[in-house]
Amino acid sequence: MTPNNLALLTRRELLVHLCRMLDQGTILDEIDRLPVLMRPRHNQPIRCCVHKDRAILKYKLMALLAFNVDDETDELCQLHEYAATALKREKLTPVAMTVVDEACSSCNQGSYEITNLCRGCDARPCEVNCPKKAVSFADGKARINHDSCINCGKCMKECPFHAIVYQPVPCEESCPVGAIEKDDTGIERINFDKCIFCGKCIAACPYGAIVEKTHLVDVFRAWKSGRKVVALVAPAIAGQFRQDLGKIYSSILSAGFHDIVEVAEGADLTIANESAEWKERMAAGCQFMTTSCCPAFKELVKKHIPEMSDKVSSTPSPLCYAAEIARKRFPDAVTVFIGPCIAKRVESYYLGSVDFMMSFEELGALLVAKGIEVADLESHPRPERSSAQAYHFAYSGGVAGSIVASAGSSVNAEVINGIDKKSITLLKQMAKGKTDKNFVEVMCCEGGCLGGVNTLIRSPQAVEIFKKNLEA
Amino acid sequence: MSAEKKVVVKICTGTLCHVMGGSELPELAGHLPESIKPKVEIKGMTCGGFCKDGNRKPPFVTINDVLMEQASIEKIVSNLEKAISDDAE
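Protein sequence lines correspond, in order, to chains V and G.
Counting from 1 along the first sequence, just add 2 to a position and that's the residue number in the numbering used here.
Counting from 1 along the second sequence, just add 5 to a position and that's the residue number in the numbering used here.
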């Protein structure tokens, strides 16, 4: 799926409105009207009718207010009631995403389909080559019996007219660990016993039916309470705006944050401790050690490759260290991690030392809502507490590079750039000892954190912008 | 239009356009077909205020000062190809 699509833009529009209403303190008065404003009566509907479109927006907003759509007990409960509840809540839950069933279109189970391009030829290679006799002909056209079809795809490969297509279920196809499946009603459900919070399903769904819950209400509440709110900013931010890092920091401060702690500051501690840990493990005769900074990879090991658990570094992540630093430096402040992915949202929940999380996308929406032009701001000087090396945690290969720089050339690194079915197979083989490497860097997203699911620019360009920004 | 006069594309680099789907547009130069590349001049522009009109959809670019809404690389390229071939006639 291309990064820019209308489902994604709808989500961003909702986020901007949410930030604006929270900022102006008008959310209780305005939020019920928002679906009507965004989907006016006489516009061409996107789904069957404007009422369906509005219902979808209602439930997406409910999710963005951090409610599970499944938890609805009364269909008449209105958005302002959810907002009022959110404005009073003391606790968040670890469930980071929810399926908006109203939006899920119950896609047909992934299957091969004969299109109307079938010419009913004499050769009929689809029928002849089908190993299960699932293809037959009626009225001069091929048809597939889905009860006997085993989805081998031979018919599609053999058709000389390209008249057979494979239609996937995008979310299921994108999930590397088989954690999303249909329930009895055909709606997709996330199995959190398997889910590694990579967020690939969110990006894949063409209906935007899977929504990441946000902490925007909670962050605004902290601001309105008058408490200091400190931003813990992931290094990947440097690749997210086509502006220099100092201007990006200025925009974060203008948005209402009291101060910034660079997560890169924590990364320096991770580099030092992880290098030391690697040396100790090698001295003790261990075959290899993996990184521990990507929380989706840690979930993957815990839930799907437990035999690799003893190979994962026990060094805390840069975020964990940075949160401790922030707690000491600003003891009374509310801390908000600004980062690129859902897995980090879950990590920050369990860390306990980070109060809330805001994605890069949400930061973008916040700046838009507040009318902040990043380009027009004076550049805020970088805190200069972290090394250049620490910033390399943002992209694939960067962590391995930092460990080599710190622990020396005896580090023989393998870099896993993105978790998918193929790399999971590779990791499982490594767990059995099939590798000649002694250090393995794993990042769930292709490109690393710069390719995270909540980024504003996708990874190849983001990496380029990031590197230019740090050289400046 | 004389032979040396180029078609001017201005891409809004404001925060709103960046967030609302325009973040890839500054990569336009790399997507221009060789045939039209020499005839196009790409510029950035600060927020032109087009977004203040709620009925218009970002991201915005202008081509020879004509506004394009919901701009995409594909849309810009096809528009440029048309502008340049019209010009050649």
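To be clear, the hints were calculated from the coordinates, so they are not data collected in a lab.
Even for Gly, the Cβ is constructed at its ideal location relative to N, Cα and C.
Where hints are given, some of them may not hold.
Pairs of lysine-lysine, DSS-like flavour, derived with a Cα cap of 30 Å [what the hints assert, rightly or not]: (1) G:LYS15 with V:LYS424; (2) G:LYS57 with V:LYS249; (3) V:LYS249 with G:LYS62; (4) V:LYS249 with G:LYS48; (5) V:LYS60 with G:LYS15; (6) V:LYS372 with G:LYS44; (7) V:LYS54 with G:LYS62; (8) G:LYS87 with V:LYS470; (9) V:LYS135 with G:LYS44; (10) V:LYS469 with G:LYS57; (11) V:LYS249 with G:LYS15; (12) V:LYS54 with G:LYS44; (13) V:LYS470 with G:LYS80; (14) V:LYS159 with V:LYS143; (15) V:LYS469 with G:LYS15; (16) G:LYS57 with V:LYS226; (17) G:LYS48 with V:LYS469; (18) V:LYS372 with G:LYS62.
Heads up, incomplete: computed chain G residues facing chain V, CB under 10 Å, no partners named [claimed, not checked]: (19) MET25; (20) ALA34; (21) PHE55; (22) GLN75.
Cross-check of the supplied hints:
For the suggested pair LYS15 (chain G) and LYS424 (chain V), the alpha carbons sit about 43 Å apart, so the restraint of at most 30 Å is broken. This hinted pair checks out: LYS57 (chain G) and LYS249 (chain V) have alpha carbons roughly 23 Å apart, not beyond 30 Å. As the CA atoms of LYS249 (chain V) and LYS62 (chain G) are separated by approximately 26 Å, the hinted pair is consistent with the 30 Å bound. Restraint check for LYS249 (chain V) and LYS48 (chain G): the C-alpha separation of about 21 Å stays at or below 30 Å, so the hint holds.
Restraint check: the Cα-Cα separation between LYS60 (chain V) and LYS15 (chain G) comes to about 36 Å, which exceeds 30 Å; the hinted pair is violated. Annotation: proposed proximity of LYS372 (chain V) to LYS44 (chain G) is violated, straight-line Cα distance about 38 Å (limit 30 Å). A C-alpha spacing of about 22 Å is found between LYS54 (chain V) and LYS62 (chain G), which places the hinted pair at or below 30 Å, so the restraint holds. Restraint check for LYS87 (chain G) and LYS470 (chain V): the C-alpha separation of about 34 Å exceeds 30 Å, so the hint is violated.
A C-alpha spacing of about 58 Å is found between LYS135 (chain V) and LYS44 (chain G), which places the hinted pair above 30 Å, so the restraint is violated. Restraint check: the Cα-Cα separation between LYS469 (chain V) and LYS57 (chain G) comes to about 33 Å, which exceeds 30 Å; the hinted pair is violated. Only pairs whose Cα atoms come within 30 Å are accepted, and LYS249 (chain V) paired with LYS15 (chain G) is accepted, the gap being roughly 22 Å. In summary, the hint linking LYS54 (chain V) to LYS44 (chain G) is not supported, as the alpha carbons are separated by about 47 Å, beyond the 30 Å threshold.
In summary, the hint linking LYS470 (chain V) to LYS80 (chain G) is supported, as the alpha carbons are separated by about 28 Å, within the 30 Å threshold. Distance hint between LYS159 (chain V) and LYS143 (chain V) is fulfilled; the C-alpha atoms sit about 17 Å from each other, no more than 30 Å. A distance of roughly 25 Å separates the Cα atoms of LYS469 (chain V) and LYS15 (chain G); the hinted pair therefore holds under the 30 Å criterion. Proximity of LYS57 (chain G) to LYS226 (chain V) is assessed by CA-CA distance (about 27 Å); at most 30 Å being required, the pair is judged to hold.
For the given pair, LYS48 (chain G) sits about 23 Å from LYS469 (chain V) by alpha-carbon distance, which is consistent with the 30 Å threshold. With a C-alpha separation of about 18 Å, the suggested pair LYS372 (chain V) and LYS62 (chain G) falls inside the 30 Å cut-off, and the hint holds. A least Cβ separation of about 6 Å between MET25 (chain G) and chain V falls short of the 10 Å threshold, and the interface hint therefore holds. Given the 10 Å rule on beta carbons, the hint for ALA34 (chain G) is violated: about 12 Å separates it from the nearest Cβ of chain V.
Proximity of PHE55 (chain G) to chain V is violated relative to the hint, the smallest CB-CB distance being about 14 Å (cut-off 10 Å). Against a cut-off of 10 Å between C-beta atoms, the interface hint on GLN75 (chain G) holds, since the closest Cβ of chain V lies about 9 Å away.
When held up to the earlier numbered hints, the structure conflicts with 1, 5, 6, 8, 9, 10, 12, 20, 21 and fits the remainder.
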